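Residue numbers (my numbering), protein chains in the order written: chain H, 1 to 197; chain U, 1 to 229.
In case anyone wonders, no lab produced these hints; they're calculated from the structure. Every value quoted in this text rests on a predicted model; they were computed, and no experiment measured them. Any given hint could turn out to be false.
Below, in silico cross-link-like pairs of lysine-lysine (PhoX-like), each with a Cα-Cα straight-line distance of 25 Å or less [unchecked claim]:
| no. | chain 1 | residue 1 | chain 2 | residue 2 |
| --- | --- | --- | --- | --- |
| 1 | U | Lys182 | H | Lys184 |
| 2 | U | Lys44 | H | Lys149 |
| 3 | H | Lys149 | U | Lys190 |
| 4 | U | Lys44 | H | Lys85 |
| 5 | H | Lys85 | U | Lys68 |
| 6 | H | Lys22 | U | Lys9 |
| 7 | U | Lys9 | H | Lys21 |
| 8 | U | Lys186 | H | Lys85 |
| 9 | H | Lys51 | U | Lys76 |
| 10 | H | Lys184 | U | Lys186 |
| 11 | H | Lys51 | U | Lys44 |
| 12 | U | Lys192 | H | Lys149 |
| 13 | H | Lys74 | H | Lys125 |
| 14 | H | Lys51 | U | Lys103 |
| 15 | U | Lys127 | H | Lys51 |
| 16 | U | Lys68 | H | Lys149 |
| 17 | U | Lys85 | U | Lys99 |
| 18 | H | Lys85 | U | Lys182 |
| 19 | H | Lys51 | U | Lys77 |
Not close to chain H: a few residues of chain U, all C-beta gaps over 10 Å, as computed [to be verified]:
| no. | residue |
| --- | --- |
| 20 | Lys9 |
| 21 | Asn75 |
| 22 | Lys76 |
| 23 | Thr95 |
| 24 | Ser101 |
| 25 | Tyr118 |
| 26 | Ala120 |
| 27 | Tyr129 |
| 28 | Pro165 |
| 29 | Thr218 |
Built from N, CA and C at the ideal position, the CB exists for glycine as well.
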Amino acid sequence: MAEIDTSGGGKKKGPGVKKAKKLSTRIDLTPMVDLGFLLITFFIFTTTMSKPKTMEIMMPTEDSVKKEDQTKAKDYCTMTILLSKEHRVYYYTGLADDPLAPPTLEVTYFQNKNGIRDALIAHKKKVYEERLNGMPGHKADDEPVIIIKPDYNSQYEDMVNILDEMQINGLNTYAMIDITDVDKGFITATEAANAGN
Amino acid sequence: MAKHKLPRKSTHIDMTAMCDVAFLLLTFFMLATKFKPDEPVVVKTPSSISDIIMPENSILLTVDPSGKVFFDYDNKKAKALLIDKVNTEKGLNLTDAEKESFKRGASFGLPFNQMKGYLAIDPINQKNYKFTGIPIDTTTYMADINELAYWVQAARTAGQETGTPPRICIKCDASTVYPRVKDVIKTLTKNKIDRFNLVTSLEAIPEGTAAAMERDATAPAKKPSTKTQ
Chain H
1 MAEIDTSGGG KKKGPGVKKA KKLSTRIDLT PMVDLGFLLI TFFIFTTTMS
51 KPKTMEIMMP TEDSVKKEDQ TKAKDYCTMT ILLSKEHRVY YYTGLADDPL
101 APPTLEVTYF QNKNGIRDAL IAHKKKVYEE RLNGMPGHKA DDEPVIIIKP
151 DYNSQYEDMV NILDEMQING LNTYAMIDIT DVDKGFITAT EAANAGN
Chain U
1 MAKHKLPRKS THIDMTAMCD VAFLLLTFFM LATKFKPDEP VVVKTPSSIS
51 DIIMPENSIL LTVDPSGKVF FDYDNKKAKA LLIDKVNTEK GLNLTDAEKE
101 SFKRGASFGL PFNQMKGYLA IDPINQKNYK FTGIPIDTTT YMADINELAY
151 WVQAARTAGQ ETGTPPRICI KCDASTVYPR VKDVIKTLTK NKIDRFNLVT
201 SLEAIPEGTA AAMERDATAP AKKPSTKTQ
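Based on the provided sequences and hints, a complete structural model is requested.
Structure representation (structure tokens):
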């Protein structure tokens, strides 16, 4: 007679009944776990989780800047930053349009303390104080203007760093323009003066 | 003394739960990620506090430390139009297979006269190709002789035809000298493209600055982060 053997094996069977060996229904899942984690590792290494971050930049084109729209930056608002070799930053305030009185260049780096950031904060503060003092030409809505001129021996990192400083310090009026020979002359003169010390 | 007998325990652990976790994570990673695009050069971008995510369907100009420029366009449909246009205008005589290879391919940096030779290579071996960079002519920066300007303009036209005008992203290595970067930027500005994105890696906003104050003002519910400096 067909009979399902549900006994635990303790009972004695007749001599003709074959005893089926009881197999465990448990499977060892360890290799499957190994495989799962191996695939996870593969996917982590070959894929990108997040899209890269970018910074937006607007450059003046020749068409977008009409001659009549151009307003001359005011002398006291303007700060010029020259990016030079070895992450060096030179800066001076004022327009430096008088060849007889060349500006004194300050030299600094992108460090956190006493770096270019402190100079920018100080300049912003100075403009905000001076625009209210009622001097001729000073208006209450004057904003600090930063002119960035990267020299040919500066690196891309310096350019991004200085644009980042504009954003960090909330300076919205800035322009990046080509360096002039006059500015290059300022750098050489300052370097020569510093080397003499 | 009576000996206390410890019950014998099996050393087998039930792996089912762990298996479930592993495959759950696997499923998550498979669905949530996108394969890394092949990059012809390793570029270490400088960091900034900007957190604007790179736009979809953008033209990516990669500049390596030596100033070689590579072009990539993240829009397969527009890329097909682009290669047809380049093929006819520059007389490259590409076969359909070579056009397909361009459509599927990653970043490249080659003058026009080497394009056919590059696209004829098996896609697996393309990554070993020694790129020379897209030539930039600095006399006028105009598309007729400046090959980078041509690529950008042609890609923009192709993008507009597919209905998604692309944005241009520049991914440049931190140590690239400024004149090489300037050439790329001038190429864009001379061709009336004045807004573009620079790919940077994210860094924390320094505390006590104007940007930090602005962030705290817009998100007052968020706890001010602990100072790291």
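We went through each hint and held it up to the structure:
1. Annotation: proposed proximity of lysine 182 of chain U to lysine 184 of chain H holds, straight-line Cα distance about 17 Å (limit 25 Å).
2. The straight-line distance between the Cα atoms of lysine 44 of chain U and lysine 149 of chain H is roughly 23 Å, inside the 25 Å bound, and the hint therefore holds.
3. Simply put, lysine 149 of chain H and lysine 190 of chain U have alpha-carbon atoms about 18 Å apart, close enough for the 25 Å limit, and the pair holds.
4. For a cut-off of 25 Å, the pair hint linking lysine 44 of chain U to lysine 85 of chain H stands: about 19 Å separates their Cα positions.
5. Our distance criterion of 25 Å between C-alpha atoms is met by lysine 85 of chain H and lysine 68 of chain U, whose separation comes to about 21 Å.
6. Between the alpha carbons of lysine 22 of chain H and lysine 9 of chain U the distance comes to roughly 21 Å, so the proposed pair stays at or under 25 Å and holds.
7. Pair hint lysine 9 of chain U plus lysine 21 of chain H holds up; C-alpha atoms about 23 Å apart against a cutoff of 25 Å.
8. Of the pairs offered as hints, the one joining lysine 186 of chain U and lysine 85 of chain H holds, with about 21 Å between alpha carbons and a cut-off of 25 Å not exceeded.
9. At roughly 18 Å between alpha-carbon atoms, lysine 51 of chain H and lysine 76 of chain U fall within 25 Å of each other, so this suggested pair holds.
10. About 20 Å separates the Cα atoms of lysine 184 of chain H and lysine 186 of chain U, which keeps this hinted pair within 25 Å; it holds.
11. With a C-alpha separation of about 15 Å, the suggested pair lysine 51 of chain H and lysine 44 of chain U falls inside the 25 Å cut-off, and the hint holds.
12. Taking the CA atoms of lysine 192 of chain U and lysine 149 of chain H, the gap is about 21 Å. The hint holds against a cut of 25 Å.
13. Proposed proximity of lysine 74 of chain H and lysine 125 of chain H is supported: the alpha carbons are some 16 Å apart, at most 25 Å.
14. Under the criterion of a C-alpha separation no larger than 25 Å, the hint pairing lysine 51 of chain H with lysine 103 of chain U is consistent with the structure, at around 21 Å.
15. Proposed proximity of lysine 127 of chain U and lysine 51 of chain H is supported: the alpha carbons are some 23 Å apart, at most 25 Å.
16. With a C-alpha separation of about 23 Å, the suggested pair lysine 68 of chain U and lysine 149 of chain H falls inside the 25 Å cut-off, and the hint holds.
17. For the hint linking lysine 85 of chain U to lysine 99 of chain U, the alpha-carbon distance of about 11 Å falls within 25 Å, and the restraint holds.
18. Using a Cα cut-off of 25 Å, the hinted pair lysine 85 of chain H and lysine 182 of chain U holds, with the two alpha carbons roughly 16 Å apart.
19. For the suggested pair lysine 51 of chain H and lysine 77 of chain U, the alpha carbons sit about 21 Å apart, so the restraint of at most 25 Å is met.
20. The beta carbon of lysine 9 of chain U is kept farther than 10 Å from every beta carbon of chain H, the shortest such distance being approximately 16 Å.
21. A cut-off of 10 Å between C-beta atoms confirms that asparagine 75 of chain U is not in contact with chain H; the least separation is 15 Å.
22. In this structure lysine 76 of chain U is separated from chain H by more than 10 Å, as the shortest Cβ-Cβ distance comes to about 17 Å.
23. Every Cβ of chain H is farther than 10 Å from the Cβ of threonine 95 of chain U; the closest lies at roughly 31 Å, confirming the non-interface assignment.
24. Taking the minimum C-beta to C-beta distance to chain H, about 22 Å, the non-interface status of serine 101 of chain U holds against the 10 Å cut.
25. With a minimum CB-CB distance of about 24 Å to chain H, tyrosine 118 of chain U clears the 10 Å threshold, and the non-interface call stands.
26. Listed as a non-interface residue, alanine 120 of chain U keeps its Cβ farther than 10 Å from every Cβ of chain H; the least gap is roughly 27 Å.
27. With a cut of 10 Å on Cβ distances, tyrosine 129 of chain U stays outside the contact zone with chain H, its closest approach being about 21 Å.
28. With 10 Å as the threshold on Cβ separation, the claim that proline 165 of chain U sits away from chain H holds: the shortest Cβ distance comes to roughly 16 Å.
29. With a cut of 10 Å on Cβ distances, threonine 218 of chain U stays outside the contact zone with chain H, its closest approach being about 13 Å.
No hint from the list above goes unmet by this structure.
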